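*Asks:* Sequence:
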Amino acid sequence: MRNSPNEHALFWTQANALLRKNLTYQKRNVSTNIRLILFPFALCLLFSLLQNLIDKEILNKAGNNCGCICTKTQGDQCLEKECGIQYSDLDQVGTCPIPNPPEWPPLLQVPASQYRAVKTDFLPFSDLPDASCRRSGSCPITMLFTGNNMSFGEILYGNMLPSTLIINNSDIMGSLATNVMGSESEPEYTNFLEPSFFSDLPIDYLQSQCRQNSTFSVPVQIAAITQQQEVRCAQGLYLWRNSSYEVSNELYKGYYKANSERQINEIAAGYDFLNSNGNQFNVSIWYNSTYKNNTGYNPISLTRIPRSVNLVSNAYIQFLLGPGTKMLFEFVKEMPKSETPNKFDLASLLGPLFFTWVILQLFPVALISLVYEKRQKLRIMMKMHGLGDGPYWLISYGYFLAISVIYMLCFVIFGSVIGLKFFTMNDYSIQFVFYFIYINLQISVAFLLASIFSNVKTASVTAYIGLFGTGLLAGYLFQFFLEATSFPRGWIIVMELYPGFALYRGLYEFSMASFTGDTMGTHGMRWGDLNHSSNGMTEVLIIMFLEWLLTLFVAYYIDQVLSSGSGKSPIFFLKVFQKKPRLSFRKPSMRSQESKVFVQMEKPDVSQEREKVEQLILEPTINHAIVCDNLTKVYPRRDGNPENFAVRGLSLALPHGECFGMLGPNGAGKTSFINMMIGLTKPTSGTAFVQGLDIRTHMHGIYTSMGVCPQHDLHWETLTGREHLLFYGRLKNLKGSALTQAVEESLRSVNLFHGGVADKQAGKYSGGMKRRLSVAISLIGDPNVVYMDEPSSGLDPASRNNLWNVIKRAKQDRAIILTTHSMEEAEVLCDRLGIFVDGSLQCIGNPNQLKARYGGTYVFTMTTSLDHEKDVENLVLQISPNATKIYHISGTQKFELPKGEVRIANVFQAVDSAKRKFTVSAWGIADTTLEDVFIKVARGAQSYDTLS
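According to the working numbering, the sequence shown holds residues 1 to 948 in order.
Treat the hints as calculated values from the structure; they're not laboratory data.
Predicted model, so just to flag it, every value in this text is computed and none were measured.
One or more of the hints may lead you astray.
[What the hints assert, rightly or not] Calculated cross-link-like contacts (lysine to any residue; reagent style SDA-like; alpha-carbon spacing at most 20 Å):
| no. | residue 1 | residue 2 |
| --- | --- | --- |
| 1 | Lys27 | Leu378 |
| 2 | Lys374 | Asp427 |
| 3 | Lys894 | Arg832 |
[As the list claims (entries may be wrong)] Now the in silico label distances, taken between C-beta atoms and shown as ranges:
| no. | residue 1 | residue 2 | range |
| --- | --- | --- | --- |
| 4 | Ala112 | Ser208 | 18 to 28 Å |
| 5 | Ile34 | Gly398 | 16 to 26 Å |
| 6 | Ile34 | Val494 | 31 to 41 Å |
| 7 | Ile34 | Ala738 | 53 to 63 Å |
| 8 | Lys870 | Gly657 | 22 to 32 Å |
| 9 | Thr190 | Thr485 | 17 to 27 Å |
Where a beta carbon is used, it is the ideal one built from N, C-alpha and C, also for glycine.
Taking the hints into account, I'd like the entire structure generated from these sequences.
*Replies:* See below:
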């Protein structure tokens, strides 16, 4: 049963058709999908294997664990063993148990000798030592004091340093603790081994005044190891300042600043006694806090500063109770701890880079697919067969989203199953939200970029360069900025506006959370962790979500404005507030001056067609499927060339059941006319109505009742002929048995049913088979109007005759516009013909009328030797005085003889007489053909254009 114009496929019917086509296409590419999924599987498996190798050969290897060392031997026999950390491998400190950590004397953090405070231009104090002391290395260690009571302060800092060094050889380490010892070396993350005793720098002991030969060595024993430690005297210089402002100012000016050319002038410490007196003790202490290890942790307050507090406290106690009283600060040491297992999670360490590549791998898949549909014009082909923008966006977006979700689920599940802590330690709900938002953003970006690219190879190369480039830039540049505490956080957010960096930042946060959680024995990322200022996941989720919505909106807007077949105004969204126009023919619009002049020069048959159109515009009738009213297409000036009139004021009316053939030389305007009728371009002026719908405003309604056989075959290479017809049949609202029957009949009619051809992929079809499939697609679903652009090109004679029979049957109840260069095809199929030249319709009528109107001559042909060519001309003039020579080459001549002057019997008599006078190789007389009419009309029109 024929579909009426009101029986268009509904939204969900179109969506179902596209979904089925996509699923079939996906099934055809199952091997590609398997290879796609195998990449993250292989990567996760590689991480797992490498992790096992690291655990076995490095982390859990006997030589790398806490072991025992022989401390006493007799010959080859070991008498005593010491188990625990082996001092030859201090990396074991982090994992071995430390039940009894070594004790170290407390130390002060003092400036290096070359940086100790001296007189400078930027410090106006004259009580500082001269800068010459730096050359001899004898600069004192300066400490600043201030407070409300200067005399009280002088008493306290006079009690802080002893005047003599007391060393007990039986307890070297203990006696060092009773003195005031200092070190220039930087503290470490742990205090298991005090770095001052394992560096090349000597340990300083502070005295109010150093004597000569004040440097010596003392033995330091650590377990079974004994080494000599150099100890030297360093003078302590106590300077009073009038206010805390002067102290802080002097400390700051001596503070080291990166990239500063100013001399470093460090003060060891500053003390403000405030309102301290004999009844109360209140003190503030300044110290240099710039010593930090590579973790950013500052251990000075735990290891070196307590000694400063102890010194000033002892000074106050001695003020109260006498010099013999003090609080003994014997040692500092690491806290005892149990054994900590070696842990090193490779996946968390390398995950951000490699997992970025894994997820970005989906981007080229979506982009290439979208650009392929655009490049092959499959999108507009689907549109011209009734697929609306709504179903297309819903199914296409949902299709890529479903693929991405399945891909990510496989990735996360497989990584979790094999035990990668990157996945197992972080909350799965956070991972789901992050991955879901990002893959939506990625798909939206693919839709947006698909409107820019027009070549599949260019899109593919660009996408993969972006894939690998993003990972490398993020891993080796963006991560550096993330970890640099001095880099502005605002610029980090700006960089995260690029989706690839936002993806990397999220994976980096997962990585850090799982790595730290595994190392510390805690959990990975939880929702509560997103509130921490150091966690960037919150800002990443917000950025990606907003970008997803914005990118999707912009992609849809650009698609509506720029995509072929749409041609919407940039403010199309405002039309929803306008009153919808009535679906009917419009009154004739005012024509341009050029159109009026052109109308006056039209042939009578063309003028008659125009008058018929004007009458139909005033009194519309449904009997005519197509009505073109003064349709004009002008291409604007470009590169200095004038305007190009591709179609000049075409008026044409086609009823149902008529096949109209368009003839014309290349560049005559046939393709421009077809492109306007099928919605690829918009007319410059005038309009056309298809089933009463205006092509300028209701193209989407026209698509549902239209079939198109384009000049070039537009097929999916991996879909079969049957699958193509099933898809387009569903778009035309065919269902169930009616769809199956229509598909089989279409396949049989174009000779694609037998021999398994119907179930063969279209990419393996020959050129003729593809052409027949295109014709079958244009006729599936009984469209009211069909456009066929050279439908039989590339077909052998037998297939061409079969195809002609199909078109003959199809034209019985629909309007068909057919373009062809085959005069035989035009004469067999077309009820009426129109000859186009230079964008204008030169003549119109059925083939017999045209031959009678423009072909009232016979064509006489004769071939002789070159010597008798003049004799042939004289013979023809005798037969018909008004004969015209139309062809001449190598003795062969053709003449047009007006039918009114010629009798066939006289021609035979004249030729018989001529044969007696000279040799005639061949001769013939024929009635005018359609090809002769075409050539005559085309030459006449071109000659007129040249003269004008």
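*Asks:* Would you mind marking each hint as holding or not holding in the structure?
*Replies:* How the hints compare with the structure:
no. : hint                          : in the structure
1   : Lys27 <-> Leu378              : holds, 19 Å
2   : Lys374 <-> Asp427             : violated, 40 Å
3   : Lys894 <-> Arg832             : violated, 29 Å
4   : Ala112 <-> Ser208: 18 to 28 Å : holds, 21 Å
5   : Ile34 <-> Gly398: 16 to 26 Å  : holds, 22 Å
6   : Ile34 <-> Val494: 31 to 41 Å  : holds, 40 Å
7   : Ile34 <-> Ala738: 53 to 63 Å  : violated, 37 Å
8   : Lys870 <-> Gly657: 22 to 32 Å : violated, 54 Å
9   : Thr190 <-> Thr485: 17 to 27 Å : holds, 22 Å
Comparing the model with each numbered hint stated earlier shows that hints 2, 3, 7, 8 do not hold.
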